[in-house]
Amino acid sequence: MHDYLNDLNEVQQEAVKNINGPSLVVAGPGAGKTRVLTYRIAYLLSLGFKANSILALTFTNKAANEMKERIAKLAGSNLSRNLWMGTFHSIFAKILRFEGHHLGYPTNYTIYDTLDSKNLIKSIIKDLNLNDQIYKANEVLNRISSAKNNLITAQSYLNNTQITETDKSIGKSRIADIYVSYAKKCYKSGVMDFDDLLLNTNILFRDFPEVLEKYKQKFKYILVDEYQDTNFSQYLIVNKLASDYKNVCVVGDDSQSIYSFRGAKIENILNFRNDYPGYKLYKLEQNYRSTKNIVNAANSIIAKNKNQIYKKVWSKNETGNKIKVIKALTDNEEGCIISNLIIEAKNNEQLNYEDFAILYRTNAQSRIFEEALRKINIPYKIYGSISFYQKKEIKDLLAYFKLTINKKDEEALKRVINYPARGIGKPTLEKLRDFSVLSDISIWEIISNFDQYKIDLKQRVKNKISAFVKLINEFSSQLKTMNAYDLALIIISSTVILKEFQNPNSQEEISKKENIQELLNGIKEFTLNQSQNGEIKTLDRYLENISLLTDVDIEKPEDKNKVTIMTMHSAKGLEFNNVYIVGVEEDLFPFKLSASSLTGLEEERRLFYVALTRAKKNVTVSYTQSRYKWGILSYCKPSRFIKEIDKKYLYLSENNLEDSSFLPGDFKLSRQTMIAETSYNNAKTANPDNPDKIQVGMQVEHKRFGSGKILNLEGTSPNIKATVFFKNSGQKLLLLKFAKLKIIK
19 MHDYLNDLNE VQQEAVKNIN GPSLVVAGPG AGKTRVLTYR IAYLLSLGFK
69 ANSILALTFT NKAANEMKER IAKLAGSNLS RNLWMGTFHS IFAKILRFEG
119 HHLGYPTNYT IYDTLDSKNL IKSIIKDLNL NDQIYKANEV LNRISSAKNN
169 LITAQSYLNN TQITETDKSI GKSRIADIYV SYAKKCYKSG VMDFDDLLLN
219 TNILFRDFPE VLEKYKQKFK YILVDEYQDT NFSQYLIVNK LASDYKNVCV
269 VGDDSQSIYS FRGAKIENIL NFRNDYPGYK LYKLEQNYRS TKNIVNAANS
319 IIAKNKNQIY KKVWSKNETG NKIKVIKALT DNEEGCIISN LIIEAKNNEQ
369 LNYEDFAILY RTNAQSRIFE EALRKINIPY KIYGSISFYQ KKEIKDLLAY
419 FKLTINKKDE EALKRVINYP ARGIGKPTLE KLRDFSVLSD ISIWEIISNF
469 DQYKIDLKQR VKNKISAFVK LINEFSSQLK TMNAYDLALI IISSTVILKE
519 FQNPNSQEEI SKKENIQELL NGIKEFTLNQ SQNGEIKTLD RYLENISLLT
569 DVDIEKPEDK NKVTIMTMHS AKGLEFNNVY IVGVEEDLFP FKLSASSLTG
619 LEEERRLFYV ALTRAKKNVT VSYTQSRYKW GILSYCKPSR FIKEIDKKYL
669 YLSENNLEDS SFLPGDFKLS RQTMIAETSY NNAKTANPDN PDKIQVGMQV
719 EHKRFGSGKI LNLEGTSPNI KATVFFKNSG QKLLLLKFAK LKIIK
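Just so you know, we're using our numbering here: the sequence shown kicks off at 19 and counts up by one.
I should point out that these hints are in silico values taken from the structure, not numbers from a laboratory. Fair warning: there could be bad hints in the mix.
List of simulated lysine to aspartate or glutamate pairs, DMTMM-like, C-alpha gap at most 25 Å [what the hints assert, rightly or not]:
#1 K144 x E117
#2 K238 x E411
#3 K91 x D145
#4 K393 x E411
#5 K206 x D145
#6 K426 x D452
#7 K665 x E336
#8 K399 x E389
#9 K482 x E492
#10 K80 x D25
#11 K531 x E411
#12 K301 x E492
Distance windows between CB atoms, simulated [stated by the list, open to error]:
#13 P295 x D150: 50 to 60 Å
#14 N381 x N24: 27 to 37 Å
#15 T617 x K488: 51 to 61 Å
Values in this document were obtained by computation on a predicted structure and should not be read as measured data. By construction, the Cβ of each residue, glycine as well, lies at the ideal position given by its N, Cα and C atoms.
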């Protein structure tokens, strides 16, 4: 037996060594599923199977890169170099580079990100004279994306009466027309969006059986990570490629299937046994990540789901702390409590900020926690905010790169034809677009051949456009002979983009210049890291690489040692020592619309399971009694999910005492009252008054919150709690013995 197999437990070893035939590896959180995939590939290589006969599909570039590094250490870089390993999108993008000509696409096709697609859809809505308040670009794009992931092409969509009638019933009968125009413009521009990479691979394999046969014979062994997250389109491709040899190993956890809104089908993993009779099932049930209390609490939650592959996750780790449940009066107070708990834990236990994560159900909740963290100078990073590659100055430069690679890319051309300003105004561009639509000729073709196409433009404008064309052609001529970094430098200097950011007194311009420098650093790193076998790493290779990146893949130096705040959906696959799951209230989590059906409620429960199991050491769950929704104060009640956690794994704070009726049984109470931030800030007001003198209606002063009015008092001395409305800070619930209030009148 290979020595490295000793690193695996018994079930992991079996899953690694039994390489023939279909295998389903059901892996609980922190159970080492990535290790099984990595070692299985290393084992295949050690048996003499060629790297290019192995296909490994992941969901993030980060996961693929980490696996490649580990495989290289186990099996040697010489053996592993030619593995076909990457995300679904990156692997299929590669296949389409080789085979896309069958579908009429150039090998140098470019890839639209979401923003590019939205911009194109906006222009189509305008061309069709549609109301952009009814046809919102984001909603239309989601509709098109959903259709593509279900293998419904634009023409099929247009011809499907049921679909078009549904669109008509919601007052959006022209979505089919937008889809048809969008597909036509993308095709004419030599462009694919993310969903096209999957759709076109399916069409390629369907319409060109000789191409499918080529790749079926090529990939003797297929491995798929996070199989529960595959959509119909991905599932179909895997099934086609595995149909001959059936050496397919899928790894996943049905209990972590949380992406149905993206088209993921939990049925893919649940029905694996029907797709591959005689399959082998391996259950990885030992959790190496979390404490026993966290694992057991998560088990007690997911046990409520009926639709699942049964497994019993367990841990040999320490028992650990119980899960804390905290109640806040308002969402603002929830932010204050959580941020102060982080400071307290960091200082008391000598931790780093990167040890903490705040997880919420919706992106809208981030504002409260951003404000609370900023108030006490806690550094944080947000997943789901504007990506580095979506910043304007970066998008502008990438548009030059795209146009250098693919001159038909109309969105890229429109973005940079007059940036930096070269006297080619909006009216000129409108004339070019109109002429292009009427003549069905690309804008690039028109501006490259003014003598051939009679368009009403002044000669001086034509001269400026011709100079732009000449510039792009010069860049293109060096694409295959120059590495990505050197050509990027030429593009930046020739377009004088950096002259846009020369004001030394503008922090915004300094920041934009630094962003361009950071982009160049990334290109340089790409060029160096990927040049081991002597081939030139060109700009088109670099652009394809970053076009397929996700937020999780992008790690910036400035994001180190910061508290992470993100949605629970974004947290999947990550882990932190301390996790705060916030806003755990009915109608927010489970989300009201999702909770209306059994399948929706079970997915919400799986999401809670995912959130809990991100934690290694400690979990805190919080909820509020009230929060503003659409400007209206709404009263909240604790989520049913809190009640579903077995009571023996819960640890209620003192401020839950009067509200613990929703939970069965007795609970150990903490000695600390986690009500308001004054409990931790040791507030010092000059000559504070005796708390026993304070009465409802009094005007009081607090060192930090300023002046306020006592609205309510509850409890008995010395544990009297006061509800106070402060002019500058809003409503707070304070424990008077800590608050140090001074009576004004």
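Indices of hints not satisfied (ascending): Numbers 1, 2, 3, 4, 12 and 14 - these are the hints that the structure violates, sorted from lowest upward.
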